[in-house]
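Model the full structure from these sequences, guided by the hints.
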Amino acid sequence: MNAARDLRELFSYRELIAVLALREIRSRYKYTFLGAGWALALPVGLMLVFTLVFSHVAPLDTGAVPYPVFAYIGLLPWQLHAGILTGSARSLTDNRNLVTKVYFAREVMPLSRVLSALFDFAIASTVLAALMAWYRIVPGPGAWLVPVVLLVQLAFGVGLGLVVSAANLLYRDVQYVLQVVIMIWMFGSAVVYPLPETGRLAIISWINPVTPILNAYRGLLLGGQTGFSPQFYVAAAVSATLLVGGWLLFRRLERRFGELA
Amino acid sequence: MSDAPTVKFDSVWKRLTRRAQVTTLAELLYAVPRRLMNPRRDGLREHEFWALQNLNFSLRPGESLGVVGPNGAGKSSLLKLLFRIFRPDRGHVQTRGRVTGLIELGAGFHPILNGRENVFINGAILGMRQKEIRAKYDAIVKFAELEDFMDMPVKNYSSGMAARLSFAIAAHADPDVLLVDEVLAVGDASFQVRCHEWIERTRKAGTTIVMVSHQMHVLQNADRVLYLDGGESKLLDEPGVAIGRYLADQAERIRESDAVRSTAEGITRVQLLQGDEPAHEIEAGAPATFRVHYSFEKPVTDPVVTLELVHSDPRFLISTPGAQLAQLSSGLSLRGHTALGSGCFDVEVGALQLPVGMYSVRAAVKAHGDFTASIRRDDALRFEIMRPAESDSTSLIDLPQNWRIVEPSEIPQP
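For the protein sequence lines, the chains are A and B, in the order given. Using numbering that gives the first Met the number 0, the letters of the first sequence map in sequence onto residues 0 to 260. Using numbering that gives the first Met the number 0, the letters of the second sequence map in sequence onto residues 0 to 413.
Worth double-checking, as some hints may not be accurate.
Here chain B is said to cover these stretches of chain A; the calculated rule only asks that three of the stretch's residues, wherever they fall, bring their Cβ under 8 Å from a Cβ of chain B [as the list claims (entries may be wrong)]: (1) 54 to 67; (2) 92 to 106; (3) 158 to 172.
Here are the simulated DSSO-like pairs of lysine-lysine, each with C-alpha atoms no more than 30 Å apart in a straight line [stated by the list, open to error]: (4) A:Lys29 x B:Lys154; (5) B:Lys141 x A:Lys29; (6) B:Lys130 x B:Lys154; (7) B:Lys203 x B:Lys135; (8) B:Lys135 x A:Lys29; (9) B:Lys141 x B:Lys130; (10) B:Lys141 x B:Lys203; (11) B:Lys365 x B:Lys297; (12) B:Lys203 x B:Lys7; (13) B:Lys141 x B:Lys154; (14) A:Lys29 x B:Lys203; (15) B:Lys130 x B:Lys203.
I should point out that these hints are in silico values taken from the structure, not numbers from a laboratory. Note that the coordinates shown come from a computational prediction; the quantities given were computed from them, not determined experimentally. Each residue gets a CB set at the ideal place from its N, CA and C atoms; glycine is no exception.
Given below as structure tokens:
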């Protein structure tokens with residue numbers, strides 16, 4: 000029942016998670032002209048670049064959906080995913096002076112990075128709303144299921160984030176490996192182009208949970224989809240397993256953080 | 000308030016390694032086989048050592064424990080175990096309630112955020128609710144005396160201001176167990192006094208206090224003092240007994256360490272003499288002689304000899320730029336003499352009225368009027384000033400004193 004006690008303890012630190020996320024957000028955008036507006040820069044910039052490439056240089060068929068909307072609805076959750084991973088990976092090493100000096104449930108560190116990535120996600124979401132209004136796209140009847148997709152995505156991100164944060168404390172290689180992985184991962188995840196649903200490449204959406212997650216956002220918000228694909232259920236199961244397994248691994252390693260950091 | 004222990008160390012052992020931790024994946028490749036081929040013997044692998052061995056004690060609410068010991072005795076490991084930053088390898092550490100430390104004040108400060116924002120962050124790190132911090136905010140700022148600086152980024156704070164703010168936050172966290180490290184040496188004197196007053200008040204209110212310090216007068220006030228050496232508990236007793244034993248061991252070690260070796264050239268050594276006998280410890284206020292041995296290849300005419308006495312307590316460093324607490328200088332009294340070859344200078348001090356503690360002596364000889372070349376020797380002698388045996392004072396300096404009662408008839412009427 001130690002796990003239950005640890006969960007209760009973690010819950011008692013919920014304010015600290017929010018405070019540290021706020022600290023991160025404030026310090027990131029303080030003394031900048033655009034402030035939190037910078038949260039838009041990366042997804043919007045990437046959307047413009049890919050629009051140029053896939054609408055003009057090598058035109059891509061995205062059906063009834065205008066390409067900028069198609070790309071942005073992929074980039075938005077993808078940036079959240081990448082933000083959670085890179086943020087979590089450095090969360091413990093960046094705060095070494097706290098980890099070696101003060102006690103609190105260590106999960107607080109990666110979780111606060113998840114929260115600050117969610118903040119950027121929320122800001123960048125306004126652009127999606129604006130784009131959909133501009134192209135007069137009405138959210139599909141399944142749009143109410145979007146929070147479920149977000150929950151699955153968060154479970155996946157938090158589970159993986161816990162693992163990489165602890166791993167990076169043990170081996171600093173992890174943060175560099177992660178940058179490469181995230182770049183390759185993006186191109187294998189149907190972020191800015193649809194992946195084929197038949198043929199050999201179709202297997203990607205079964206083994207890479209991000210693909211069905213992104214497809215679910217797209218299908219529910221833009222298409223007429225009202226339920227989930229079988230691949231999405233697999234992704235949800237993987238995410239739940241990763242969340243529990245990642246946390247158990249984190250707890251095991253956490254005992255020695257004070258000596259390793 | 001229950002009387003159950005707030006802190007309990009039950010046969011606690013903590014293992015640490017001298018070797019750097021594996022930090023890259025490449026190192027892991029050969030660390031794993033090495034580890035397999037090198038099993039633990041008596042619980043230790045190569046390069047590992049026991050930072051703490053079989054430590055037992057428990058503290059009740061309102062009790063205070065001082066911890067003394069030389070560097071590497073395990074004091075920091077003990078604090079980290081209390082703070083749950085380290086977990087014991089054997090045995091159990093139990094703490095009850097909120098454990099707050101004054102270790103490394105300001106570890107959680109974010110430099111570009113202002114004082115106000117940092118109060119809320121640091122308070123949360125110490126386990127306070129935001130509501131609680133809001134309620135105590137004004138008191139925290141007042142305690143830190145930073146009313147006019149809360150909108151300034153912490154990076155622009157002086158180190159004293161930062162320390163004051165972070166102490167003020169910790170002071171309002173209402174801890175059940177408070178850990179105090181050397182940090183209180185920061186801040187000006189009035190702030191230090193207030194810190195110690197506050198610690199005493201919280202102790203009376205039922206907080207358990209654990210303090211680690213090299214400043215013996217701080218530890219004198221503890222209920223009990225734990226003397227650690229090499230990770231083992233040597234003594235857990237009243238402050239006077241434990242500190243006395245620690246200081247005696249330290250003095251012994253200095254004599255044995257031969258830290259002050261003689262050299263062939265220049266100022267070869269400096270001796271402290273009591274009567275005609277060399278001494279390493281001397282009672283405050285006793286007469287003493289310093290003897291400076293020299294061996295010069297070139298003549299030094301009209302020599303001016305200077306001895307600077309440096310106290311080991313770092314708080315005395317702030318008093319003077321050269322860090323010396325007292326200086327003996329021959330001035331012009333050796334005029335007309337030329338020092339060449341081997342010889343000695345003696346300086347007699349009628350009463351060595353110095354604060355108690357360990358001292359190091361810096362010696363220098365130069366020719367009068369020569370402002371460039373001087374023959375110097377740092378750490379030429381170490382000695383200890385002891386509290387006089389009959390003294391019951393706890394102050395730094397015992398002044399020679401005579402008391403009497405003045406009869407009314409003796410007081411001159413205006």
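Against the structure, the hints come out as follows:
1. Interface restraint, the stretch 54 to 67 of chain A with chain B: violated (0 residues with C-beta to C-beta distance below 8 Å; minimum three).
2. Using a Cβ-Cβ cut-off of 8 Å, 8 residues of the stretch 92 to 106 of chain A lie near chain B, which meets the minimum of three, so the contact claim holds.
3. For the stretch 158 to 172 of chain A, the stated coverage by chain B is satisfied: 4 residues place a CB nearer than 8 Å to a CB of that chain, which reaches the threshold of 3.
4. A C-alpha spacing of about 14 Å is found between Lys29 (chain A) and Lys154 (chain B), which places the hinted pair at or below 30 Å, so the restraint holds.
5. Among the hinted pairs, Lys141 (chain B) with Lys29 (chain A) is consistent with the structure: their alpha-carbon atoms are about 27 Å apart, no more than 30 Å.
6. Between Lys130 (chain B) and Lys154 (chain B) the alpha-carbon distance is near 26 Å, which keeps this suggested pair within the 30 Å criterion.
7. For the proposed pair Lys203 (chain B) and Lys135 (chain B), the alpha carbon gap of about 21 Å is at most 30 Å, so the pair holds.
8. Under the criterion of a C-alpha separation no larger than 30 Å, the hint pairing Lys135 (chain B) with Lys29 (chain A) is consistent with the structure, at around 26 Å.
9. Among the hinted pairs, Lys141 (chain B) with Lys130 (chain B) is consistent with the structure: their alpha-carbon atoms are about 18 Å apart, no more than 30 Å.
10. About 22 Å separates the Cα atoms of Lys141 (chain B) and Lys203 (chain B), which keeps this hinted pair within 30 Å; it holds.
11. Of the supplied pair hints, the one linking Lys365 (chain B) and Lys297 (chain B) holds, its CA atoms being roughly 12 Å apart against a limit of 30 Å.
12. A distance of roughly 20 Å separates the Cα atoms of Lys203 (chain B) and Lys7 (chain B); the hinted pair therefore holds under the 30 Å criterion.
13. Straight-line distance between C-alpha atoms of Lys141 (chain B) and Lys154 (chain B) comes to about 20 Å, which keeps the hinted pair within the 30 Å bound.
14. In summary, the hint linking Lys29 (chain A) to Lys203 (chain B) is not supported, as the alpha carbons are separated by about 43 Å, beyond the 30 Å threshold.
15. The hinted pair formed by Lys130 (chain B) and Lys203 (chain B) meets the criterion: a straight-line CA distance of about 26 Å does not exceed 30 Å.
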